[in-house]
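First to last, the sequence lines map onto chains A and B.
Counted from 1, the first sequence has number 168 at position 168 by the UniProt record's numbering; the numbering is strictly sequential.
Counted from 1, the second sequence has number 69 at position 69 by the UniProt record's numbering; the numbering is strictly sequential.
Worth double-checking, as some hints may not be accurate.
What the hints assert, rightly or not - No farther apart than 27 Å at their CA atoms in a straight line, the calculated lysine-lysine pairs in the DSS-like style are these:
hint : chain 1 : residue 1 : chain 2 : residue 2
1    : B       : Lys131    : A       : Lys146
2    : B       : Lys106    : A       : Lys146
3    : A       : Lys69     : A       : Lys110
4    : A       : Lys11     : B       : Lys131
Source of the hints: derived by calculation from the structure; they are not laboratory data.
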Amino acid sequence: MGEAIVITSGKGGVGKTTTAANLGTSLALLDKKVCLIDTDIGLRNLDVVLGLENRIIYDIVDVIQEKCKLQQALIKDKRFDCLYLLPAAQTSDKTALTAEGMKQMIDELKQDYDYILIDCPAGIEQGYQNAVAGADKAIVVTTPEKSSVRDADRIIGLLEQEEIEPPHLVINRIRNHMMENGDMLAIDDIVQILSIELLGIVADDDEVIKASNHGEPIAFQPNTRASIAYRNIARRILGESVPLMNLEQKEGFFDKVKKALGFR
Amino acid sequence: MTKQFVTIKGTRDGLTLILDDTCAFEDLLGELERVLTANDIEGDEPMVTVTVKIGNRYVTQKQEDQLRETIRKQKKLVVEEITSNVILKEKALQWKEESEVRLHQKIVRSGQVLEVTGDLLLVGDVNPGGKVVASGNIFVMGNLRGIAHAGVKGNKDTIIAASLMAPSQLRIAEVISRSPDHDTEGVPMECGYIDTSKDQIVMDQLARLAKTRSIMNAFERRVSHG
Chain A
1 MGEAIVITSG KGGVGKTTTA ANLGTSLALL DKKVCLIDTD IGLRNLDVVL
51 GLENRIIYDI VDVIQEKCKL QQALIKDKRF DCLYLLPAAQ TSDKTALTAE
101 GMKQMIDELK QDYDYILIDC PAGIEQGYQN AVAGADKAIV VTTPEKSSVR
151 DADRIIGLLE QEEIEPPHLV INRIRNHMME NGDMLAIDDI VQILSIELLG
201 IVADDDEVIK ASNHGEPIAF QPNTRASIAY RNIARRILGE SVPLMNLEQK
251 EGFFDKVKKA LGFR
Chain B
1 MTKQFVTIKG TRDGLTLILD DTCAFEDLLG ELERVLTAND IEGDEPMVTV
51 TVKIGNRYVT QKQEDQLRET IRKQKKLVVE EITSNVILKE KALQWKEESE
101 VRLHQKIVRS GQVLEVTGDL LLVGDVNPGG KVVASGNIFV MGNLRGIAHA
151 GVKGNKDTII AASLMAPSQL RIAEVISRSP DHDTEGVPME CGYIDTSKDQ
201 IVMDQLARLA KTRSIMNAFE RRVSHG
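Whole structure, please, built from the sequences with the hints as guidance.
Structure, rendered in structure tokens:
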């Protein structure tokens with residue numbers, strides 16, 4: 001029986017989809033069977049980040065409306081046999097999605113997959129509620145900016161009312177030099193305000209944008225800071241205890257991490 | 001001679017009418033009217049405020065209105081207040097309700113509102129965008145970074161205290177103050193209350209509060225203020 005994890009943030013543009021794609025990839029790298037679900041109806045892009053756009057035939061709304069079988073809509077990743085994507089609809093009526101329908105579908109998926117990662121739309125309306133409906137756990141993504149921390153706080157408050165485990169936190173897009181200068185919120189301050197468990201920190205990296213433009217999640221690359229960060233988060237999801245990445249250290253540190261991970 | 005139902009006392013602040021609390025209400029009204037017309041005040045006198053003490057008698061709202069009506073018929077008399085030694089059980093329960101300290105243990109996050117009747121003791125933080133509201137005092141054992149509104153029913157004697165005071169706004173009764181526009185770290189162990197002379201909220205160290213002001217709960221306030 002698998003586990004459904006919703007990836008949410010409240011605010012848009014903090015990296016939910018990137019995080020979902022990379023955690024999915026990282027978990028697949030660790031030999032877990034993973035299904036990614038994009039619930040951002042009308043503004044789908046998880047398929048683009050994964051480079052699977054051209055393979056879409058059916059989408060999540062077709063499944064909910066029983067126009068096709070669940071298996072038909074699932075797209076197998078081009079790199080892994082154990083990574084699947086259920087894409088969002090681009091044109092269909094978004095009211096077609098209901099919390100009840102999502103729950104049923106995720107319960108069905110849980111039979112076959114180890115992890116189901118749900119990419120949540122921005123906002124706190126129906127789309128968010130649908131995305132959260134079937135989840136067992138939640139990951140809240142924020143950046144070291146006041147506005148996104150504020151929205152993360154709001155989302156955490158809403159998640160606490162759901163019947164799921166206390167959410168975990170991922171701080172994304174950390175720019176080390178700005179944090180050192182005090183121009184960005186410090187990690188400790190963010191964790192203190194949100195007071196939930198920190199699952200991981202991801203440095204801001206140009207490579208992330210490059211990779212997602214190529215339809216290839218950064219987690220594939222063996223040695224960028226962001227890819228290691230995402231893989232560390234995946235290992236923590238599996239229950240391993242991995243120390244937080246030290247943002248200040250450069251090359252020598254990564255070599256150590258590489259050794260520790262035993263890179264292929 | 002029969003017992004007198006109405007006693008009039010003159011003080012510096014006006015008249016005090018002491019009404020007997022054992023006779024029938026109609027008799028009392030009758031005599032009140034007679035006594036007041038007999039002591040009619042002359043045309044040029046200024047208005048006189050009247051305090052009415054009705055002892056251990058409970059009067060309904062209608063009866064109270066009748067009392068006021070009777071006194072107001074005398075053009076120069078203004079009823080300041082009618083005080084009684086007794087209240088209804090219902091009212092007493094309401095007072096109790098409003099004077100209790102409500103203990104909550106949680107984080108009030110952005111967009112959330114925690115509202116209580118009585119004093120609020122919050123063990124936890126109020127995050128930016130969060131709001132706590134109480135009819136009495138507010139004590140936050142944690143970081144107050146959001147909005148706190150004490151004395152929401154209009155009580156200006158209430159205070160707001162926090163282990164770390166870094167609010168975006170403080171409100172006491174109808175008085176509002178906001179944080180400065182530049183970023184602040186917040187002040188540990190601080191409290192805010194209304195400075196009655198300026199009618200604005202002032203901040204002070206919590207430790208000094210005992211010297212400048214006593215924290216009354218709603219019940220004590222009610223009893224002392226009637």
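Original post:
Are there hints from earlier that the structure breaks, and if so, what are their numbers?
Top reply: none
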